[in-house]
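Undergrad: Each chain, written out:
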Amino acid sequence: MASDPVGQKIFIGMGTCGLATGAAAVHESVQEALKKVGRDIPIIKTGCIGMCSKEVLVDIVQPNLPRVTYGQVQPEMIEKIIEEHLVGGNPIADLAIGQIVDEGMDPFKEIPTYMDLPVFRKQKRIVLRRCGFIDPDSIDDYLATGGYQGLEKAVKSMPPADIRETVKESGLRGRGGGGFPTGLKWEFCANADGDPKYLICNADEGDPGAFMDRSILEGDPHAVIEGMAIASYAIGAEYGYIYCRAEYPLAIQRLKIAISQAEEKGYLGQNILGSDTSFTLRIKEGAGAFVCGEETALMASVEGKRGMPRPRPPFPAHRGLWDHPTNINNVETYACVPPIVFDGAESYAAIGTEGTKGTKVFALAGKINNTGLIEVAAGTTLGEIIHEIGGGIEGGREFKAAQLGGPSGGCLPANLVETPIDYDSLIEAGAMMGSGGVVVMDDSDCMVDVARFFLTFTENESCGKCVPCRVGTKAMNAVLTRITEGGGVEEDLENLAQLGEQIKKTSLCGLGQTAPNPVLSTMRYFRDEYEAHIHDGKCPAKICTALITFGINEACTGCTVCAKKCPVGAITGERKELHVIDQSLCTKCNVCFEVCKFDAVVKE
Amino acid sequence: MSQQSADLGVPDPSDLAPVDDILKAFPEKKGMLIPILQGVQDVYGFVPEGVANKVADEMGVYRSQVYGILTFYTQFHLSPRGRQTIRACAGTACHVKGGKQVILRMEGELGVGHGGTTEDGLFSFEHVACIGACGLAPVIMVDDDAFGHLDPNKAESVIKKLRREALKEIGGADTGEQSSGDENTEE
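Heads up: the sequence lines are chains P and U, in that order.
Just so we're aligned, residue 1 is where the first sequence starts under our numbering, counting upward by one.
Just so we're aligned, residue 1 is where the second sequence starts under our numbering, counting upward by one.
For the record, the hints were derived by calculation from the structure and aren't laboratory data.
A few of these clues could be false.
What follows is a list of derived Cβ distance ranges for each label pair [claimed, not checked]:
id	chain 1	residue 1	chain 2	residue 2	range
1	U	H114	P	G486	23 to 29 Å
2	P	K474	U	D144	32 to 38 Å
3	U	D143	P	D162	28 to 34 Å
4	U	K29	P	P181	36 to 42 Å
5	P	D106	U	K168	52 to 58 Å
6	P	N553	U	V43	54 to 60 Å
7	U	D144	P	V37	28 to 34 Å
8	U	E58	P	K156	45 to 51 Å
9	U	G121	P	P181	36 to 42 Å
10	U	K29	P	Q498	33 to 39 Å
11	U	V142	P	N64	41 to 47 Å
12	U	H114	P	N64	54 to 60 Å
13	P	D162	U	E58	45 to 51 Å
14	U	G121	P	S347	33 to 39 Å
Capping the alpha-carbon separation at 25 Å, the derived lysine-lysine pairs in DSS-like fashion look like this [stated by the list, open to error]:
id	chain 1	residue 1	chain 2	residue 2
15	P	K576	P	K603
16	U	K160	P	K305
17	U	K30	P	K256
18	U	K30	P	K597
19	P	K265	P	K153
Over 12 Å on every C-beta distance to chain P, these chain U residues come out as not near it, computed from the model [claimed, not checked]:
id	residue
20	G9
21	P13
22	A17
23	D21
24	R63
Where is the CB? At the ideal position from N, CA and C, for every residue including glycine.
Construct the entire structure; sequences and hints are all you get.
TA: Pasting the structure below:
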């Protein structure tokens, strides 16, 4: 039975992940296939639904029927999907990865519902509830899903002090990493003297391994704008900036569209929704400096200066941008605000743990099967995130550690999988919530190398203003490098610990105060690995090249590829005979290991 | 935002006329030094010295202040760039998924390291700390396009392909550059 084209829609995931996996080509095929079957139905480019490993994602929506998602779609699959599903009315169970069954609908056979999928079952989506489901370029889509109702309720029925109280009662804490109570921050700024006041959204998401804010901005930009508009009213801040890193061109483009739509409809600008409150919102593009994620550095950058932090106090709530009272929150924090205001503080505070209310968005990456973006109730354990939602470790290997909170955070080893993920438990375990990046590592990762990786990053990104951070990170990195190169000595571990504590205590801003964390936490949980490098001259994970040698075993078929590819001519051997590596010439560049198709190149 | 688009319409660094248009686009100058310099870079592809000086003079700030900004933020470039910019992600997820080997191979293939521009002027190469596409690690960006799930062999093929396409576009292909035994590039 042919389906009725009225009300049909096709959604294509066109966030950065989707585009990088070929969504543009899929989009083209959809257009062609529709032309071929003579149907003119809307194609909606959505943001990220969070399943990066399943991109490109294509959804078929038909009125009164479950919405069906196809994953890992290639352009050549489109014709079949359009003909059989869209026109023929028969979803292709082999290609579909899930369906969303609303009340009163009969599910399609042999396709799991989203709630059957382990990746979704344990999630609690508040911030991400629209990502992947609406067209981020359409304010009508946003309005149709309850958008701007929080703002409307706020300006029409709540005095500013009530809103601040509601946010306080909700227990919301800053989602950028600091975890400071949001309502309290608003209160400080609202009570500060000075006019005008400013509102800033920190969208300078620079932590390597984190992409929550990018996905929210790309998938649901109006939610951030609405949260900011509510905050501006609650605080009395008339001007606002979204400071977004330049590495996120798509997010910036979608924000620009969303801001102009919101202005047109009266949700931004003068006399919002007929009230006497006004809010002018502008975008500032970052120019590539990690330290600008620190609030005082960010403000210096907005002012057009080098983005260097300054001591606090005075806090931005008293003296911020252009020396005026300023409130800064990050993207996810603002996106939490509309549901809190609309549904009330209790419904938000009912989720989560004692000290951490609500949900948290995490970016799962590294050696995990379901890479992508997830949102869970605070207090969900690390094990649930990795083994259930994340689908376990790639290639069936063994879970070793998860790095939480990026270069400011620390790692949690496999024996702490029961740790509930909330602000306080993580600090206790030596990690931190940070912005929400979770990089998963397996038994083939070297923790000393990972620690060195983070120190290299913070050393490069240190702005140089204060000595502990500028010189300290360099000194720590030098010790770590020496250890990975086989030159470690007994005192190194104690020196690293001492130096780390000093840097934490004496650095000017958050960058330096947290920079030693990856080293301190890996030393705490993987001391044996450091010792193996120092005492035995061995890298157990076989990552640190100075401590390993390359060899060729009997699996060698004599195909000669490694010999041809070796840049220094260290490999010799006749065709069809076992090849040998001359250790005196080998530079351990790893090329032979990569090109061998028979796993005959081994590291020892 | 965008990279210097192709070779069309890029003014000579000694031509300062476009600077006036950029400055005019920012009637309110407070806090606008960085956006103005970003605008300059969009037009010239980099920030030429004479242009930076003119911006400083017109804005009424010290030249050293402008220089301070240009050298603080990694986005700004003080010398001409390649036709295309290849950004290799050196973020955590890419690192644990073998990004370092991808970077080493690309540097070998391009013959330049971080911050370098190839002799033929086709590519500028840089490491960036996280593109924010960790689900696709290891990943690189070529101008605004991302390439994910790379390994050293795939990365090498990507560069070879880009070079072939670029040479074809420019016309008058450099001979000898075409291809040298890529027996590993099937995909």
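Undergrad: A separate judgement is required for each hint: does it hold in the structure or not?
TA: Results for each hint:
1. H114(U) <-> G486(P): 23 to 29 Å: Holds, since H114(U) and G486(P) (Cβ atoms, about 25 Å apart) stay within the stated range.
2. K474(P) <-> D144(U): 32 to 38 Å: 34 Å, holds
3. D143(U) <-> D162(P): 28 to 34 Å: Since D143(U) and D162(P) have Cβ atoms about 49 Å apart, the given range 28 to 34 Å is violated.
4. K29(U) <-> P181(P): 36 to 42 Å: 37 Å, holds
5. D106(P) <-> K168(U): 52 to 58 Å: 54 Å Cβ-Cβ, so the 52 to 58 Å window holds.
6. N553(P) <-> V43(U): 54 to 60 Å: 58 Å, holds
7. D144(U) <-> V37(P): 28 to 34 Å: Distance hint for D144(U), V37(P) holds at roughly 32 Å.
8. E58(U) <-> K156(P): 45 to 51 Å: 47 Å, holds
9. G121(U) <-> P181(P): 36 to 42 Å: Given range 36 to 42 Å: violated, Cβ gap about 54 Å.
10. K29(U) <-> Q498(P): 33 to 39 Å: 48 Å, violated
11. V142(U) <-> N64(P): 41 to 47 Å: Holds, at about 44 Å.
12. H114(U) <-> N64(P): 54 to 60 Å: 56 Å, holds
13. D162(P) <-> E58(U): 45 to 51 Å: 48 Å, holds
14. G121(U) <-> S347(P): 33 to 39 Å: With Cβ atoms ~59 Å apart, the hint is violated.
15. K576(P) <-> K603(P): 22 Å, holds
16. K160(U) <-> K305(P): Between K160(U) and K305(P) the Cα gap is close to 40 Å, so the pair fails against 25 Å, i.e. violated.
17. K30(U) <-> K256(P): Status holds; Cα separation ~21 Å.
18. K30(U) <-> K597(P): Status violated; Cα separation ~60 Å.
19. K265(P) <-> K153(P): 16 Å, holds
20. G9: Given a closest Cβ separation of 20 Å, the condition holds.
21. P13: 20 Å, holds
22. A17: 24 Å, holds
23. D21: 19 Å, holds
24. R63: About 15 Å separates R63(U) from the closest Cβ of chain P, which puts it past 12 Å; holds.
Hints 3, 9, 10, 14, 16 and 18, counting from the list given before, are not met by this structure.
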